[in-house]
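Engineer: Based on the provided sequences and hints, a complete structural model is requested.
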Amino acid sequence: MTDQASPAPRPHLIDKERTGVIDWSSGPRRFITLYLPLSIFVIVLLFPFYWMAITAIKPNGELLDYKNNNPFWVKSPTLENINKLLFQTDYPQWLLTTMTVATVATALSLFASVLAAYAIQRLKFKGSNYVGLAIYLAYLVPPSILFIPLATLIFQFGLYDSQLALILTYPTFLIPFCTWLLIGYFKSIPYELEECAMIDGATRLQTLWKITLPLALPGLISAGIFAFTLSWNEFIYALAFIQSAEKKTVPVAVLTQLVEGDVYHWGSLMAGALLGSIPVAILYSFFVDYYVASMTGAVKE
Numbered sequence: 001m002t003d004q005a006s007p008a009p010r011p012h013l014i015d016k017e018r019t020g021v022i023d024w025s026s027g028p029r030r031f032i033t034l035y036l037p038l039s040i041f042v043i044v045l046l047f048p049f050y051w052m053a054i055t056a057i058k059p060n061g062e063l064l065d066y067k068n069n070n071p072f073w074v075k076s077p078t079l080e081n082i083n084k085l086l087f088q089t090d091y092p093q094w095l096l097t098t099m100t101v102a103t104v105a106t107a108l109s110l111f112a113s114v115l116a117a118y119a120i121q122r123l124k125f126k127g128s129n130y131v132g133l134a135i136y137l138a139y140l141v142p143p144s145i146l147f148i149p150l151a152t153l154i155f156q157f158g159l160y161d162s163q164l165a166l167i168l169t170y171p172t173f174l175i176p177f178c179t180w181l182l183i184g185y186f187k188s189i190p191y192e193l194e195e196c197a198m199i200d201g202a203t204r205l206q207t208l209w210k211i212t213l214p215l216a217l218p219g220l221i222s223a224g225i226f227a228f229t230l231s232w233n234e235f236i237y238a239l240a241f242i243q244s245a246e247k248k249t250v251p252v253a254v255l256t257q258l259v260e261g262d263v264y265h266w267g268s269l270m271a272g273a274l275l276g277s278i279p280v281a282i283l284y285s286f287f288v289d290y291y292v293a294s295m296t297g298a299v300k301e
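Per full-length UniProt numbering, numbering through the sequence shown is continuous, rising by one, with the last residue being 301.
If you are wondering where the hints come from, they were derived from the structure by calculation, not from laboratory data.
Ideal Cβ positions, reconstructed from N, Cα and C, are used throughout, including at glycine.
Treat each hint with caution, since some may be false.
What the hints assert, rightly or not - Restricting the straight-line Cα-Cα distance to at most 30 Å, the calculated cross-link-like pairs of lysine-lysine (DSS-like) are:
id, residue 1, residue 2
1, K124, K210
2, K84, K67
3, K124, K187
4, K187, K210
5, K210, K126
6, K187, K126
Said to hold, decoys possible - Derived DEER-like restraints, expressed as beta-carbon distance ranges:
id, residue 1, residue 2, range
7, I199, P37, 23 to 31 Å
8, E260, V280, 37 to 45 Å
9, E246, A112, 24 to 32 Å
10, A53, G201, 54 to 62 Å
11, I43, L137, 35 to 43 Å
12, P59, L164, 35 to 43 Å
13, F72, Y130, 48 to 56 Å
Structural biologist: This is the structure in structure tokens:
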């Protein structure tokens, strides 16, 4: 008696049982799992910039009359709001002040953070781990609590209403996080490289300058971007320590100088916010690769 081979199952019936009505390996699956989430993310991310852009070029008639005008579009674009911002206010001076304060505060914070992170991570003194944790916990202290004793010091040293008041107070919240970030990145650099340099006669500072810092460049750029962004957007200290209109930073000046009582100059406000966000966006676009690499190195350990 010969054995007869059983007929092979039909593939299309098996596929229908496994996949159901929709073939999840085709376009619908990619749309639901990839394109739809990305589209929602892009819309949520870019909508504030779109809203600021169209508001900045809208005439007051369209801004104040949404019944007869589409709030998401502009019919008669105008540059009146931008002209008022640039030529009828001190916005260029505000922008220059913000850039100066953010750059100098970032440089000071990076300098102090590199020394602190290297000492905590490489020198390994007693209690170094607790010191690193304490530095990070200092970053969690709200600025609304710190600015009261800082204001007392600012008045005592005669720095009120000057750029130095901001340059010297911003590191109080920049240094803790930058130090914590660099500690994590220094851990990813092999210590054997520094030992070889010191065997060849290099001092500790030479090792830091010529060996560790070049390898930690992505971490330095990431910490610098973080510090610069926080300095650029800081509001409480700039509001409390600066009084003169021409010395204010962009976040404070746009809000305080373009609001007159209960009158909000929305077009100029949005133009100022949009122009103020461009330098930070450009900074991120140039160094995004270093930023991602540094965050990977920081959390590796």
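Engineer: Each hint: holds or not?
Structural biologist: We went through each hint and held it up to the structure:
no.	hint	result
1	K124 to K210	holds, 21 Å
2	K84 to K67	holds, 26 Å
3	K124 to K187	holds, 12 Å
4	K187 to K210	holds, 17 Å
5	K210 to K126	holds, 27 Å
6	K187 to K126	holds, 18 Å
7	I199 to P37: 23 to 31 Å	violated, 53 Å
8	E260 to V280: 37 to 45 Å	violated, 28 Å
9	E246 to A112: 24 to 32 Å	holds, 30 Å
10	A53 to G201: 54 to 62 Å	holds, 58 Å
11	I43 to L137: 35 to 43 Å	holds, 37 Å
12	P59 to L164: 35 to 43 Å	holds, 42 Å
13	F72 to Y130: 48 to 56 Å	holds, 53 Å
Taken one by one, the earlier hints fail for this structure at numbers 7, 8, listed in ascending order.
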